[in-house]
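> Single-letter residue listing:
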Amino acid sequence: MTDPALSDPALPDPALPDPSTATPAGGSVIHDLGYRPYTGPRLAPPAIARSLVVTGLRNAFGLGRSGRSKVLPFVLLAFNLMPALIIGGVMVFVGLDRLPIGYAQYASTTQVLLGIFVASQAPVLFSRDLRHGTIALYLARPLPAAAYAVSRWASLLGATLVFLLSPILLLYAVSLLGELDVTDQTRDAGIAIGLAVLLAMSLAGVAGVIASWSTRRGFAVVATIAVLLIGNGIVTAIQGISQEVGKPLVGEVAELFSPYSLYRGLMSMWTGFDAPTPPTGVVMQTAYVVVFVALAGGCLATLVHRYRTVASA
Amino acid sequence: MDVVVRTQGLTKDYGPVLALDSLDLEIGPGITGLVGANGAGKSTLLKILLGLVPATSGRATVLGHDIVEQGPAIRAMVGYLPEHDSLPPDVSASDFTVHMAMMSGLPRVAARERAAEVLRHVGLAEERYRPMGGYSTGMKQKAKLAQALAHDPRLVLLDEPTNGLDPAARDEMLGLVQRIGRDFGIAVIVTSHLLGELERVSDNLVVLDGGTLLRASRTDEFLDATGVLLVEVLGDDAQTRMSEGLARRGVTATPRGSLLTVGAQSAGAGDVHDLIRDTASDLGLGLVRLQVDHRRIEDVFADD
Numbered sequence: 001m002t003d004p005a006l007s008d009p010a011l012p013d014p015a016l017p018d019p020s021t022a023t024p025a026g027g028s029v030i031h032d033l034g035y036r037p038y039t040g041p042r043l044a045p046p047a048i049a050r051s052l053v054v055t056g057l058r059n060a061f062g063l064g065r066s067g068r069s070k071v072l073p074f075v076l077l078a079f080n081l082m083p084a085l086i087i088g089g090v091m092v093f094v095g096l097d098r099l100p101i102g103y104a105q106y107a108s109t110t111q112v113l114l115g116i117f118v119a120s121q122a123p124v125l126f127s128r129d130l131r132h133g134t135i136a137l138y139l140a141r142p143l144p145a146a147a148y149a150v151s152r153w154a155s156l157l158g159a160t161l162v163f164l165l166s167p168i169l170l171l172y173a174v175s176l177l178g179e180l181d182v183t184d185q186t187r188d189a190g191i192a193i194g195l196a197v198l199l200a201m202s203l204a205g206v207a208g209v210i211a212s213w214s215t216r217r218g219f220a221v222v223a224t225i226a227v228l229l230i231g232n233g234i235v236t237a238i239q240g241i242s243q244e245v246g247k248p249l250v251g252e253v254a255e256l257f258s259p260y261s262l263y264r265g266l267m268s269m270w271t272g273f274d275a276p277t278p279p280t281g282v283v284m285q286t287a288y289v290v291v292f293v294a295l296a297g298g299c300l301a302t303l304v305h306r307y308r309t310v311a312s313a
Numbered sequence: 314m315d316v317v318v319r320t321q322g323l324t325k326d327y328g329p330v331l332a333l334d335s336l337d338l339e340i341g342p343g344i345t346g347l348v349g350a351n352g353a354g355k356s357t358l359l360k361i362l363l364g365l366v367p368a369t370s371g372r373a374t375v376l377g378h379d380i381v382e383q384g385p386a387i388r389a390m391v392g393y394l395p396e397h398d399s400l401p402p403d404v405s406a407s408d409f410t411v412h413m414a415m416m417s418g419l420p421r422v423a424a425r426e427r428a429a430e431v432l433r434h435v436g437l438a439e440e441r442y443r444p445m446g447g448y449s450t451g452m453k454q455k456a457k458l459a460q461a462l463a464h465d466p467r468l469v470l471l472d473e474p475t476n477g478l479d480p481a482a483r484d485e486m487l488g489l490v491q492r493i494g495r496d497f498g499i500a501v502i503v504t505s506h507l508l509g510e511l512e513r514v515s516d517n518l519v520v521l522d523g524g525t526l527l528r529a530s531r532t533d534e535f536l537d538a539t540g541v542l543l544v545e546v547l548g549d550d551a552q553t554r555m556s557e558g559l560a561r562r563g564v565t566a567t568p569r570g571s572l573l574t575v576g577a578q579s580a581g582a583g584d585v586h587d588l589i590r591d592t593a594s595d596l597g598l599g600l601v602r603l604q605v606d607h608r609r610i611e612d613v614f615a616d617d
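Chains as they are written, first to last, in our numbering: chain A, 1 to 313; chain B, 314 to 617.
Just so you know, these hints were derived from the structure itself, not from any lab. Do not take every clue at face value.
Said to hold, decoys possible - With a cut-off of at most 20 Å between alpha-carbon atoms, the simulated DMTMM-like pairs for lysine to aspartate or glutamate come out as follows:
id	chain 1	residue 1	chain 2	residue 2
1	B	Lys453	B	Asp403
2	B	Lys453	B	Glu534
3	A	Lys70	B	Asp408
4	A	Lys70	B	Asp403
5	B	Lys453	B	Glu440
6	B	Lys453	B	Asp479
Let the sequences and hints guide you as you build the complete structure.
Written as structure tokens, this is what we have:
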């Protein structure tokens with residue numbers, strides 16, 4: 001493999017001037033150097049995966065893609081931040097003694113925007129490579145199919161976290177500027193960040209699984225929105241009815257079936273937010289956390305399985 | 314020279330279809346053409362060599378690495394141009410090649426340099442900065458070739474690189490394949506169901522049929538002389554007069570189009586080349602061509 005004849009660059013084209021004589025008086029000439037082998041470092045799979053995650057994160061916001069693909073993610077991000085900006089303005093000019101909306105409550109209020117964002121950007125990471133056959137080029141490279149799947153999920157998780165955490169951090173900064181109690185605010189923001197991570201993990205999982213099964217972007221977007229928002233609507237309806245008829249346990253169990261309702265349940269448990277049929281009892285409360293994490297884990301395992309199947313197809 | 318690919322009893326059973334049937338193969342450096350009809354097992358063989366598809370039984374090594382245990386090491390040193398479309402439409406060839414070079418483990422700065430260089434080699438100029446969705450088939454194939462070369466592989470597997478190209482683009486692609494193998498010093502395995510084009514560019518040929526090895530040898534051995542000379546003469550009624558003149562000297566000439574074919578061993582004594590020259594000279598005819606008739610690869614199949 002180290003035959004010098006193989007690693008030597010190609011001989012220069014005889015029609016070209018000899019490089020050593022072609023630069024009289026230091027004039028510059030562009031030479032055809034022929035093919036030059038690469039002798040530099042080659043990174044190991046972990047570094048490759050990291051670079052795939054970063055590229056995927058950029059792509060999720062349309063960076064490194066066409067100008068048109070930047071519009072939707074940034075418009076959604078702007079809408080998502082607008083209430084926080086307005087609250088910030090009010091806080092600074094009026095000087096309230098508490099934030100008009102809780103950190104954790106914010107994501108629940110803007111859940112439609114969040115759902116549209118995740119549903120529309122998951123296909124960028126999961127459907128595009130399958131649809132255009134680019135997956136064959138990825139799989140022909142050192143990164144194993146499982147690492148590819150996890151990297152894609154991590155990119156979507158990162159993008160979702162940018163979406164979820166930026167208003168929390170903005171509100172936190174405003175609350176500090178408004179000289180609210182630092183300990184209280186830090187604790188509340190911390191809880192909100194923890195909840196946001198749990199929500200982002202399962203949203204990225206659900207949207208990723210749907211997008212990886214559909215090579216058509218439109219179908220993936222509609223199906224994800226349906227699962228997230230309509231699913232949440234059904235759960236909310238069941239909760240309302242169960243509360244009316246005085247059987248809150250039904251509502252508590254129903255709440256386990258949608259990421260948004262899990263989020264609401266845990267939020268009411270940890271922040272005292274007033275929600276219908278909050279989980280009662282240690283068993284139920286533990287179940288909420290376990291189901292939330294298991295949902296994310298299950299989706300991730302499905303993704304890994306999906307891309308392993310694609311690899312050997 | 315080192316063996317690039319070696320397979321021993323390589324079998325791939327898809328259930329209803331036996332894609333590869335106990336294939337024993339040795340492929341050396343240079344350009345190797347992999348020939349066979351659709352479904353002969355060419356693409357399956359390439360995917361097994363990349364470690365993408367597990368073999369049912371048998372062993373294989375690529376660049377000295379075992380396909381089962383050292384898949385990532387193989388994939389780091391091999392470039393792959395798949396048969397089907399594989400380019401995202403909303404990314405430029407330049408950005409895409411950089412990204413793919415990084416996916417092969419090159420650091421960002423090196424990936425940028427390599428991408429610029431291979432895009433120049435494959436002949437994508439200004440269009441490299443445009444989204445690939447607007448590319449012609451020829452440009453797409455060049456972009457696919459660029460990503461296969463971006464990480465300076467030791468071996469490239471090209472699955473039907475001329476598929477869907479017009480004649481001019483086909484010639485350009487074949488010229489590139491030839492440069493990769495001869496000037497760049499990268500081993501090439503190239504598949505095609507068109508025999509004529511592999512005959513032109515490859516050093517060695519492997520012929521697959523129904524998952525079994527039909528023949529593997531140097532390209533020139535496929536094309537060895539048929540023992541027939543082609544003669545072309547110019548003048549009034551040249552063909553008939555030449556044919557009669559040769560017949561008088563005891564040599565049978567058979568017309569083939571505007572040419573005459575003469576058995577190379579026809580003359581009992583003396584060189585048949587001299588005899589043809591003298592005959593033409595005596596008859597006052599212009600001898601335009603006197604050439605050994607090579608077989609074409611198609612003829613090899615016609616024999617089987």
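> Give a verdict on every hint.
A quick look at each hint next to the structure:
1. A threshold of 20 Å between alpha carbons decides the hint, and for lysine 453(B) with aspartate 403(B) the separation of about 13 Å falls inside it, so the pair holds.
2. A distance of roughly 34 Å separates the Cα atoms of lysine 453(B) and glutamate 534(B); the hinted pair therefore is violated under the 20 Å criterion.
3. Proximity of lysine 70(A) to aspartate 408(B) is assessed by CA-CA distance (about 16 Å); at most 20 Å being required, the pair is judged to hold.
4. As the CA atoms of lysine 70(A) and aspartate 403(B) are separated by approximately 12 Å, the hinted pair is consistent with the 20 Å bound.
5. Restraint check for lysine 453(B) and glutamate 440(B): the C-alpha separation of about 11 Å stays at or below 20 Å, so the hint holds.
6. With a C-alpha separation of about 13 Å, the suggested pair lysine 453(B) and aspartate 479(B) falls inside the 20 Å cut-off, and the hint holds.
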